[in-house]
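Participant: Going by the working numbering, the sequence shown opens with residue 1, and the numbers climb by one from there.
Among the hints, erroneous ones may be present.
Claimed, not checked - Pairs of lysine to aspartate or glutamate, EDC-like flavour, derived with a Cα cap of 16 Å:
#, residue 1, residue 2
1, Lys246, Asp139
2, Lys364, Asp292
3, Lys132, Glu240
4, Lys183, Glu257
5, Lys96, Asp150
6, Lys377, Asp292
7, Lys183, Glu73
8, Lys132, Glu102
9, Lys76, Asp197
10, Lys172, Glu161
To be verified - Label-pair restraints from in silico Cβ distances:
#, residue 1, residue 2, range
11, Thr350, His247, 54 to 60 Å
12, Gly387, Tyr205, 38 to 44 Å
13, Thr230, Arg322, 48 to 54 Å
14, Gly107, Glu448, 52 to 58 Å
15, Ile106, Gly387, 25 to 31 Å
16, Pro55, Phe88, 26 to 32 Å
17, Glu449, Gly107, 52 to 58 Å
18, Glu449, Glu306, 28 to 34 Å
19, Lys233, Ala393, 19 to 25 Å
20, Gln318, Ala157, 44 to 50 Å
Since the hints were derived computationally from the structure, they do not count as laboratory data.
Positions of the beta carbon are idealized from the N, C-alpha and C atoms, including for glycine.
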Amino acid sequence: MKYRFIAFALSALFVISCSSLKEEEEKEQGVFPYEIHQTRLDNGLNVVTVPYNSPGLAAFYIVVRAGSRNEIEPGKTGFAHFFEHMMFRGTEKYSKEKYSEELKAIGAAANANTWWDRTVYHMTGNANMLDKMFELESDRFMNLKYSEADFKVEAGAVKGEYTKNYASPYMKLYEKTYNTAFKTHTYSHTTMGFWEDVVDMPNQYEYSLKFFDRFYKPEYCTIIVVGDVTPEKVDALAKEYFGKWKHGSYTQEIPVEPEQTETRYAHVQEKNFPPVLSLNYKDPAFSADNKDLAALDLIASIGFSEKSPLYKKLVVDQRKVRSLDAGGLDMVDPGLWSVNAVLVNPNDMTEVKNEIEEELNKFKTQPVDSAELAQAKSHIMYQYAMGIDSPDAIANSLAWFTWLTGNPADVNRAYARYETITPQDIMDAANRYLVSQHLTVATISADEEYVEPETDKTKM
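The task is simple: from the sequences and hints, build the whole structure.
Facilitator: This is the structure in structure tokens:
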């Protein structure tokens, strides 16, 4: 799938009753070679097991399908990321220090990360101590408690992280790009949240309790266990440790972004810094059956990878561009598909932009070569297949589909789309999405603003 947006920016985050349960075993043939076992408990918690030949080793993931996308109240952004921090502060049973000691005792390492559409908690350790992993995670998911003083300390840490991260011009542009491209949808603020909300976070203790009570519920969560395990054992442990977790009642409607009808501009002024040009187009929401998403992936690979003629021209031969890439990130709602270039000389900004737009126009008007298309498809499939070579990598891969659709087994359907893409599908997707009225131009330079030449405004 797509793992890139603005690459330079992102490099800078039970059982109530078992009588109705039925284990589902996904045996679809496809790019994912392992059997996926799923059991949904009556409280809404989904339990996913993938046995994998990794003697003595297992990865344990909990995917919470709530991220900054779900922060819909004005003045209340950054809380999904905040709980990524807060969940490691300990409980009455396991303090922060004792939690760390228990992890060391079972040879496990734990961490977490947050994004627009989800928060993911993960650990990898001794498969023979899987029961302890379940005990530790169920305790903090079901029994997290913290004082207002502890809350303020962690809120201060979040503010410090924001200050550190957004000292980078890349991160400033990343933030400004989404704030410019989205006017209504919650993708307008990054996972860190709006600065003014982060500053005010220490005053939002009561709201933090509400946020936790809304989303840290079984119906929002999926447990994924991969490695030297059996579905029977994983299901039994899930029932034992998460069985008394109560289903919640919170639902929400995410604001719908109106269609963009004009080119927008986001600029960061930064002296003595490599100039940056990023062309960001609205792309569709993720669906395992949406061919346009697969077509856009293939455009990125054919037109802007290191093997592409444009890369060879701008980066290798002319040396006007330091780096060039393209792609998008699969998201629950429509996001952005981007072409990104870090330049050598700011005076080449317009020329490079014209070169990129000319390349995009080719995809709109000229069918791609069939052999080149087949090679790009093969590369995408091969790259994915070669990357799922450990319990952690497999669990992380399935986590993507879990937060996007709720069903990790969608991996095979999603990758099967690539085989169906024709040259006409490529042209249709380019003409539908890579158009000026859906474009946000993002730049970094020493200038106060990026001024679009008159001759450029009629393009695309």
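Participant: If any of the earlier hints don't hold here, list their numbers in rising order.
Facilitator: none
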